[in-house]
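Participant: Read off the chains here:
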Amino acid sequence: GQSLEQPSEVTAVEGAIVQINCTYQTSGFYGLSWYQQHDGGAPTFLSYNALDGLEETGRFSSFLSRSDSYGYLLLQELQMKDSASYFCAVRDNAGNMLTFGGGTRLMVKP
Amino acid sequence: NAGVTQTPKFQVLKTGQSMTLQCAQDMNHNSMYWYRQDPGMGLRLIYYSASEGTTDKGEVPNGYNVSRLNKREFSLRLESAAPSQTSVYFCASSERGGSSGANVLTFGAGSRLTVL
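As you go down the protein sequences, you meet chains A and B in turn. Under the numbering used here, the first sequence has 19 at position 19, and the numbering climbs by one with no breaks. Under the numbering used here, the second sequence has 53 at position 53, and the numbering climbs by one with no breaks.
Chain A extracted, bound-state conformation:
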């Protein structure tokens, strides 16, 4: 099976940079994904890493180290609208099931 660990809560100020870590255990690995969910809303896809290294999408970047079973989501130039929950997720070795971590609640303060 799969298990993922991420911090439950992170607080940062507007304009700052924040990193949300994710460690995973999985019997097979088909990539690490990140999703954002605002309160009362549905999760939306942010990024995906299949290979080691950094993927950048605007203010958001995601990093993966397969040898360490570790990844992180980096949010730069934080804005109030970035206050949300962020979930990492891995796909199983058959490539069918996507398992989510418990989520990190990010609070951005003025």
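Just to be clear, a hint being listed does not mean it is correct.
Claimed, not checked - Pair ranges (Cβ atoms, derived):
| # | chain 1 | residue 1 | chain 2 | residue 2 | range |
| --- | --- | --- | --- | --- | --- |
| 1 | A | T57 | B | K71 | 25 to 31 angstroms |
| 2 | A | N21 | B | S67 | 19 to 25 angstroms |
| 3 | A | V13 | B | T15 | 44 to 50 angstroms |
| 4 | A | F29 | B | R96 | 15 to 21 angstroms |
| 5 | A | T57 | B | P39 | 25 to 31 angstroms |
| 6 | A | D68 | B | T15 | 42 to 48 angstroms |
Claimed, not checked - Just so you have them, the derived chain A footprint on chain B, three or more residues with Cβ under 8 angstroms:
| # | segment |
| --- | --- |
| 7 | 44–53 |
| 8 | 56–67 |
| 9 | 104–115 |
Simulated from the structure, these hints should not be mistaken for laboratory data. Nothing here was measured: the structure is a model prediction, and the numbers come from that model. Ideal placement from N, C-alpha and C gives every residue a C-beta, glycine not left out.
Assemble the complex: chain A is given as a structure, and chain B must be docked to it using the hints.
Facilitator: Just chain B now, kept in the frame of chain A:
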């Protein structure tokens, strides 16, 4: 561009009642999923359908059944609702497993279910 549509958005049931949550996607995706999310927690997979005609159990399948009616539609049924099934249910779809697009799930808006 509707994406993934779920109905109903809200439902209140009494213990023992049955109901079906409907989900439809218009993105021609092969794979569809049902997740539940409890307050302050992550998403837990109930059932998924890797392709039309197949369904498989996820992490928390007990008390649920699913039907992949066709490529577009994937329904979730609670045969005898219990208070422990009070949750927000999300349907999602993606490209087929094994492709990079399989990691990009598109979610519906969610269905908030309360079982009294």
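Participant: Against each hint, give a clear statement of whether it holds in the structure.
Facilitator: Okay, the hints, checked on the actual structure:
1. A hinted range of 25 to 31 angstroms for the beta carbons of A:T57 and B:K71 is consistent with their spacing of about 30 angstroms.
2. Hint check: A:N21 to B:S67, Cβ distance near 39 angstroms, so the stated range 19 to 25 angstroms is violated.
3. Checked against the given bound of 44 to 50 angstroms, the beta carbons of A:V13 and B:T15, roughly 46 angstroms apart, stay inside it.
4. Between A:F29 and B:R96, the C-beta spacing of about 18 angstroms keeps the proposed range 15 to 21 angstroms intact.
5. For the pair A:T57 and B:P39, the supplied restraint of 25 to 31 angstroms holds, since their beta-carbon distance comes to about 29 angstroms.
6. One distance hint, 42 to 48 angstroms for the beta-carbon pair A:D68 and B:T15, holds here, with the actual separation near 46 angstroms.
7. With 4 residues having a Cβ less than 8 angstroms from any Cβ of chain A, the segment 44–53 of chain B passes the three-residue criterion, so the hint holds.
8. Note: the segment 56–67 of chain B has 3 residues with beta-carbon separation from chain A under 8 angstroms; the three-residue rule is met and the coverage holds.
9. Beta-carbon proximity to chain A at under 8 angstroms applies to 7 residues in the segment 104–115 of chain B; the threshold of 3 is reached and the given coverage holds.
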